[in-house]
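2 protein chains.
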Amino acid sequence: VKKLRQEFSVTFSYPVIFTRDIFSTRNDTLPQLLEPAGCTAAVVVADAGLLQAAPGLHDTMRRYLYALPGISLREIVVVPGGEEAKRGERIADRIREIIHRYGLCRHSHVIAVGGGAVLDAAGYAAATAHRGVKLIRVPTTVLSQSDAGVGIKNGANAFGSKNFLGTFTPPAAVVNDSDLLRTLPSREVRAGMAEAVKVAVIKDSTFFRFLESRSGLLAALHPGTVEQLIERCAEIHLEHIRSGGDPFERGSARPLDFGHWSAHRLEELTGGELRHGEGVAVGIALDCEYAEMQRLLSSQEKERVLAVLRHIGLPLSHPALAELNIPRALEDFRRHLGGHLSVTLPRGIGAAVQVARVDVPMMEECRRTLLRRERVDEQ
Amino acid sequence: VKKLRQEFSVTFSYPVIFTRDIFSTRNDTLPQLLEPAGCTAAVVVADAGLLQAAPGLHDTMRRYLYALPGISLREIVVVPGGEEAKRGERIADRIREIIHRYGLCRHSHVIAVGGGAVLDAAGYAAATAHRGVKLIRVPTTVLSQSDAGVGIKNGANAFGSKNFLGTFTPPAAVVNDSDLLRTLPSREVRAGMAEAVKVAVIKDSTFFRFLESRSGLLAALHPGTVEQLIERCAEIHLEHIRSGGDPFERGSARPLDFGHWSAHRLEELTGGELRHGEGVAVGIALDCEYAEMQRLLSSQEKERVLAVLRHIGLPLSHPALAELNIPRALEDFRRHLGGHLSVTLPRGIGAAVQVARVDVPMMEECRRTLLRRERVDEQ
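One line per chain: the protein sequences are C and U, in this order. If you count by the working numbering, then the first sequence holds residues 23 to 401, one letter each, in order. If you count by the working numbering, then the second sequence holds residues 23 to 401, one letter each, in order.
Hints may be right or wrong, so weigh each one.
As the list makes no split between identical chains, a pair holds if one copy fits it or if it spans any two.
[What the hints assert, rightly or not] Straight-line alpha carbon distances no greater than 25 angstroms define the calculated SDA-like cross-link-like pairs of lysine to any residue that follow:
1. Lys25 x Gln322
2. Lys175 x Asp268
3. Lys324 x Arg389
4. Lys324 x Arg272
5. Lys25 x Ser320
6. Lys175 x Arg116
7. Lys324 x Gln250
It should be emphasised that the hints constitute simulated quantities derived from the structure, not laboratory data.
Just need the whole structure built from these sequences, with the hints factored in.
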């Protein structure tokens with residue numbers, strides 16, 4: 023028996039650029055990103071929901087992109103937005119077929135413009151074609167600009183499981199254009215803020231105080247304040263990937279998934295009627311109640327978290343909570359992480375702990391508290 | 023405009039173990055690999071070609087694997103060997119469906135036992151399920167044990183393109199069992215030696231002299247000598263990935279693909295009748311003729327390379343060479359690499375250069391030389 027040990031490191035690097043009016047002829051963000059790579063070919067994958075909400079955007083994109091010097095843009099592929107983009111491999115396959123048809127190579131670019139689901143599907147296609155065509159993400163929702171859109175995951179749903187397919191593949195670049203958010207329904211903007219509350223509670227008390235003091239402006243969807251929220255949230259997300267010690271999530275801990283074990287199930291139970299961010303808000307509320315019972319949060323701290331969510335206009339509860347099978351949701355979460363259960367709970371505001379066990383009767387008590395609270399709020 | 027730069031490194035590490043009789047109860051290689059991961063579930067993907075060539079192996083595997091303490095082996099999935107395993111996503115999908123059915127998580131293992139194509143398909147499935155289930159490769163051919171099986175790629179064919187789908191995903195471990203090679207037809211054993219000649223010529227003159235002095239033993243398929251060839255070839259391959267500076271092949275250079283631009287096409291032109299290793303042998307001969315014309319190899323050095331190939335029993339030419347569209351094969355190769363053309367040629371024996379241009383008439387002259395040589399050899 024002879025044993026060799028292989029070991030090597032790979033460095034990943036990409037810019038995250040905050041800009042406005044990305045498809046204006048005066049904006050050189052995209053040409054600058056495309057040029058240094060010696061890229062000659064690119065395809066754009068655009069979110070049909072975005073194009074519908076922003077009449078004229080398709081034409082603007084077309085005019086801008088086809089005129090870029092030195093770039094041979096082959097096609098603007100319009101794909102359905104939302105979970106439809108991730109239903110199996112249908113959309114990813116369509117994108118891969120286009121990558122093949124136009125002879126794109128590993129140095130070519132897929133430019134994905136849209137919400138998180140479209141970015142996930144396009145990212146999955148790009149990551150698995152030629153073992154990795156370059157991906158430029160242009161997220162167009164508060165949620166994707168502040169969270170997953172700046173991260174390193176992609177995915178598609180399969181066999182009834184969310185994100186069963188996917189890889190960890192850092193993008194070539196991310197461009198956050200605040201002007202693209204203007205087309206979003208206000209409900210989507212608010213839902214997107216839930217991930218910011220999430221990271222603030224478990225990672226950054228200064229950011230939490232910012233959200234507290236600006237909750238009125240955020241509720242009013244004040245553009246400059248929403249931009250500040252996105253920038254800081256994206257920054258924390260990037261820092262977590264960079265410094266968290268486990269970018270490709272080989273361990274069982276998933277510290278950023280605070281509030282998510284129940285959120286995923288609530289989205290499913292409501293058939294997607296509850297937006298992801300809204301589910302996360304309810305999940306945060308539930309886990310804060312539990313953290314208080316575990317003496318990880320004081321009553322006053324918990325109330326501060328719930329108050330921020332409420333002031334922004336996010337739900338703290340939902341009738342579907344009553345149907346949540348808590349042990350099963352925890353087991354599904356464990357299985358998704360792999361290995362042992364690891365649930366993130368806040369410890370005070372701005373820090374977190376991982377717990378390997380959840381006291382189910384106590385969690386059920388927390389659920390009852392939230393459901394009661396909802397009835398009181400409704401009266 | 024605000025710009026953040028994300029940068030982080032990920033370290034990949036895996037053992038490559040050389041053993042015998044891996045499924046014997048006295049062999050603890052697999053349990054040792056599975057245990058430290060806290061793995062509870064695993065599925066085996068086995069090459070139908072191997073099981074057919076080795077009657078009794080299926081039962082031996084079954085008895086051994088289901089008896090492993092602490093491991094819950096869910097199924098031994100038998101898949102077709104050879105390129106059939108990589109025809110689109112059919113086989114990869116079947117493996118992913120099984121990963122889903124048995125609730126395997128990111129800490130579970132897929133154990134792939136077979137030739138390069140089966141390892142590629144199983145690896146692609148494992149890499150894209152749950153964003154990466156662990157993969158243990160048990161390569162069962164000389165080619166896969168010495169080359170791709172110890173590397174970091176996986177793949178499947180799609181849209182008529184070889185390896186159009188795939189990722190760079192290091193395995194959790196590789197186990198090379200020399201006993202598994204006994205079932206191979208002698209033609210397959212010989213074909214597998216072509217990659218060893220390849221790396222020796224461009225990377226290691228000592229290894230080349232080893233091959234030269236042992237060519238008689240290699241032609242006779244002497245097991246101990248074949249094992250030595252595999253070990254050294256695997257070692258060079260691992261070292262190249264580790265120290266070559268570009269493990270995920272982001273640049274255009276592909277230094278290990280010496281002889282491959284024509285080999286891929288010859289495999290296609292013969293409908294797979296020419297084995298991959300045989301195509302590589304012809305490709306090496308062709309590029310050595312060219313290297314001599316470019317004064318990169320002396321006539322004597324070239325003859326030494328051709329002699330090793332011939333003594334081992336590998337072809338130096340093939341009638342399909344006459345049909346090779348040289349400019350188009352080079353263009354396909356460039357496109358597959360992405361970016362600029364970069365062809366590896368030997369510089370003396372044991373070193374290499376990358377050339378960005380190939381003189382097509384001169385290469386055609388080299389082809390004629392080989393075709394003539396074949397006719398002379400046949401007489």
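| field | Hint check, failures only | value | 1, 4, 5
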